[in-house]
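Q: Please work from the sequences and hints to get the whole structure.
Below are the chains, spelled out letter by letter.
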Amino acid sequence: MRKRVIPCIFLKNGMIIRSEGFKIHKIIGNPINQVKRFSDWAVDEIIYIDITTYGEYHNKRSDHKIKIEDNKIKLLQEISKNVFVPLGFGGGIRSINDIRDYLQNGADKVVLNSILYHKSEMVQEAAGIFGSQALVGMVDYKDGYVYFENGKLKSEYLVEDWCKRIIEFGIGEIILHDISRDGKGEGYDVETISQIVNSSNIPIIGLGGAGDYFDLVECFKNANPSGLGIGNLLHFKEHSYYYAKQLLLKSKIDVRKEWGVF
Amino acid sequence: MIGILNLETSNLSSVTNAMNFINSRFLIIRTREDLKVVDKIILPGVGTFGDGIKSLHNQNLYDQIIEEVKKNKKPILGICLGLQMFFEESEESKNVKGLGLIDGSVKKLSQSDLYSIPRIGWASSKVRNNFLGLEKDRSVDFYYIHSYLVKPIDPNIIYVTTEEDIPSCIKSENIYGCQFHPEKSHVIGLNILKKFSLL
Numbered sequence: 001m002r003k004r005v006i007p008c009i010f011l012k013n014g015m016i017i018r019s020e021g022f023k024i025h026k027i028i029g030n031p032i033n034q035v036k037r038f039s040d041w042a043v044d045e046i047i048y049i050d051i052t053t054y055g056e057y058h059n060k061r062s063d064h065k066i067k068i069e070d071n072k073i074k075l076l077q078e079i080s081k082n083v084f085v086p087l088g089f090g091g092g093i094r095s096i097n098d099i100r101d102y103l104q105n106g107a108d109k110v111v112l113n114s115i116l117y118h119k120s121e122m123v124q125e126a127a128g129i130f131g132s133q134a135l136v137g138m139v140d141y142k143d144g145y146v147y148f149e150n151g152k153l154k155s156e157y158l159v160e161d162w163c164k165r166i167i168e169f170g171i172g173e174i175i176l177h178d179i180s181r182d183g184k185g186e187g188y189d190v191e192t193i194s195q196i197v198n199s200s201n202i203p204i205i206g207l208g209g210a211g212d213y214f215d216l217v218e219c220f221k222n223a224n225p226s227g228l229g230i231g232n233l234l235h236f237k238e239h240s241y242y243y244a245k246q247l248l249l250k251s252k253i254d255v256r257k258e259w260g261v262f
Numbered sequence: 001m002i003g004i005l006n007l008e009t010s011n012l013s014s015v016t017n018a019m020n021f022i023n024s025r026f027l028i029i030r031t032r033e034d035l036k037v038v039d040k041i042i043l044p045g046v047g048t049f050g051d052g053i054k055s056l057h058n059q060n061l062y063d064q065i066i067e068e069v070k071k072n073k074k075p076i077l078g079i080c081l082g083l084q085m086f087f088e089e090s091e092e093s094k095n096v097k098g099l100g101l102i103d104g105s106v107k108k109l110s111q112s113d114l115y116s117i118p119r120i121g122w123a124s125s126k127v128r129n130n131f132l133g134l135e136k137d138r139s140v141d142f143y144y145i146h147s148y149l150v151k152p153i154d155p156n157i158i159y160v161t162t163e164e165d166i167p168s169c170i171k172s173e174n175i176y177g178c179q180f181h182p183e184k185s186h187v188i189g190l191n192i193l194k195k196f197s198l199l
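Residue numbers (this note's numbering), protein chains in the order written: chain A, 1 to 262; chain B, 1 to 199.
FYI, nobody ran anything at the bench for these hints, they're computed from the structure.
All C-beta atoms, glycine included, are put in the ideal place defined by N, C-alpha and C.
Careful, some of the hints might be misleading.
Said to hold, decoys possible - Below 16 Å or equal to it, Euclidean Cα-Cα: the simulated EDC-like pairs (lysine to aspartate or glutamate) are:
{"hint": "1", "chain 1": "A", "residue 1": "K12", "chain 2": "A", "residue 2": "E149"}
{"hint": "2", "chain 1": "A", "residue 1": "K3", "chain 2": "B", "residue 2": "E163"}
{"hint": "3", "chain 1": "B", "residue 1": "K108", "chain 2": "B", "residue 2": "E89"}
{"hint": "4", "chain 1": "B", "residue 1": "K108", "chain 2": "B", "residue 2": "E88"}
{"hint": "5", "chain 1": "A", "residue 1": "K3", "chain 2": "B", "residue 2": "D113"}
{"hint": "6", "chain 1": "B", "residue 1": "K136", "chain 2": "B", "residue 2": "D113"}
Claimed, not checked - Here's a subset of chain B near chain A, in silico, CB distances under 7 Å, partners left out:
{"hint": "7", "residue": "N11"}
{"hint": "8", "residue": "S13"}
{"hint": "9", "residue": "N58"}
{"hint": "10", "residue": "G104"}
Stated by the list, open to error - Derived DEER-like restraints, expressed as beta-carbon distance ranges:
{"hint": "11", "chain 1": "B", "residue 1": "E163", "chain 2": "A", "residue 2": "E160", "range": "25 to 31 Å"}
{"hint": "12", "chain 1": "A", "residue 1": "E160", "chain 2": "B", "residue 2": "T31", "range": "24 to 30 Å"}
{"hint": "13", "chain 1": "B", "residue 1": "S139", "chain 2": "A", "residue 2": "S251", "range": "38 to 44 Å"}
{"hint": "14", "chain 1": "B", "residue 1": "L199", "chain 2": "A", "residue 2": "D101", "range": "49 to 55 Å"}
{"hint": "15", "chain 1": "A", "residue 1": "R165", "chain 2": "B", "residue 2": "S112", "range": "41 to 47 Å"}
{"hint": "16", "chain 1": "A", "residue 1": "L249", "chain 2": "B", "residue 2": "G100", "range": "43 to 49 Å"}
{"hint": "17", "chain 1": "B", "residue 1": "T31", "chain 2": "A", "residue 2": "K164", "range": "28 to 34 Å"}
A: Here's what the structure looks like:
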């Protein structure tokens, strides 16, 4: 398997936001245009997390040329029309029907977080219906402890114990998200990523902290995850995905060599 | 016109988005009559073997698919679980009878240093025989996401393989299958769908 570099995009009220410390959110763009660009660039995969507060979905902008859809399913349908690489979608998933809706409307995988904590038995049922490969567990953590509800709810679980637990539920892939590094650009949490990669047998994706392309090289070399997520790094540098891949290739990381149009 | 089967657990719109993009006309199959009208069939799949087959039974399409493919020789393309469902049985769902279009069975992937299970991501794939626009001896990257692999009894129907000689594409007369997701493998994958739609 090639090592994956995965743009991870956070959405709020239908817009892409830049996030820092999982608290400060700055609106930076329109998801429909942006995802099309990523797909044109032939990125390995795209992950979208909608952190709009559950039950309060609305869109504040109407001045874009492309109409921003005002509910999650409609937005997913619009986004996925132009995406021919794998698309993971998450945020606010509370039931088996939610999972089915996302998978039928353009997502290839769903990304689960709070439901793992509140309704773990439902996740086991979902694995039986949709297969483990369609279920990604987003593990938000800070100082060793796992958090839920967009980082607002601290749990009693340590990262490694929690990962073991959700693999037993039937989760097929884990995104390890160090929320204390979110938006800081100080590098990945190589230590924790390495620890979980070594103690699990499913693909592990590291997320949080990429400030430049060398952070990716360092983490792939020292922690050996299946993939790494990048967020803010993509939004503020031109052709950043291409340059990241170039540096990884030069550093002898086994990444996919195809890129699309710029 | 291509008919696309809907397993209810599958990533249906990923496939229809791709078909729209390549300007290929399609119909989402709802009835046995729909299956009779179309001249080609796509069976996309995400989900478990047992639920996939159950869905075909629930929709009363199971026998009709076999008739269209075996008797009427309509080309069919199975994607991922769709390919696996062509086989007789699977270790994923014991005591569930597959479509039986191809002799052989579906097994759990064996452990390897080259991948984790589920095996998720892009992997180099070796073309052993020309397959829907892929030229022999080329190596190309495709997107895979699976925990099981197909084991056809006749090894000559394997046209593309990937790491550890896992069968990636199979072709047996009018039956085509991809273990990877062409609809998610960017331009090279879309071209496979295009070539199938032009058969």
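Q: Each of the hints needs a verdict: does it hold here or not?
A: The hints, checked one at a time:
At most 16 Å may separate the alpha-carbon atoms for a hinted pair to count; K12(A) and E149(A) meet this at roughly 14 Å. A C-alpha spacing of about 14 Å is found between K3(A) and E163(B), which places the hinted pair at or below 16 Å, so the restraint holds. Of the supplied pair hints, the one linking K108(B) and E89(B) holds, its CA atoms being roughly 12 Å apart against a limit of 16 Å. For the hint linking K108(B) to E88(B), the alpha-carbon distance of about 15 Å falls within 16 Å, and the restraint holds.
For the suggested pair K3(A) and D113(B), the alpha carbons sit about 14 Å apart, so the restraint of at most 16 Å is met. In summary, the hint linking K136(B) to D113(B) is not supported, as the alpha carbons are separated by about 27 Å, beyond the 16 Å threshold. The criterion of a C-beta within 7 Å of any C-beta in chain A is met by N11(B), whose closest approach is roughly 5 Å, and the hint holds. Given hint, S13(B) at the interface with chain A, holds; its Cβ is 5 Å from that chain's nearest Cβ, closer than 7 Å.
With its C-beta approaching chain A no nearer than about 13 Å, N58(B) sits outside the 7 Å limit, and its interface hint is violated. Violation of the interface hint for G104(B) is found here, the shortest Cβ-Cβ separation to chain A being roughly 20 Å, above the 7 Å cut-off. Here the CB-CB span from E163(B) to E160(A) is close to 28 Å, well matched to the stated 25 to 31 Å. Restraint check, E160(A) to T31(B): a C-beta distance of roughly 51 Å breaks the suggested window 24 to 30 Å.
A C-beta distance of roughly 22 Å is found between S139(B) and S251(A), which places it outside the suggested range of 38 to 44 Å. For the pair L199(B) and D101(A), the beta carbons lie near 33 Å from each other, so the given range of 49 to 55 Å is not met. Separation of R165(A) from S112(B) is about 25 Å and departs from the stated range, judged on CB atoms against 41 to 47 Å. The hint said 43 to 49 Å for the Cβ distance between L249(A) and G100(B), and at roughly 45 Å that hint holds.
The hint said 28 to 34 Å for the Cβ distance between T31(B) and K164(A), and at roughly 46 Å that hint is violated.
Hints 6, 9, 10, 12, 13, 14, 15 and 17 from the list above are not met by this structure, while the remaining hints are.
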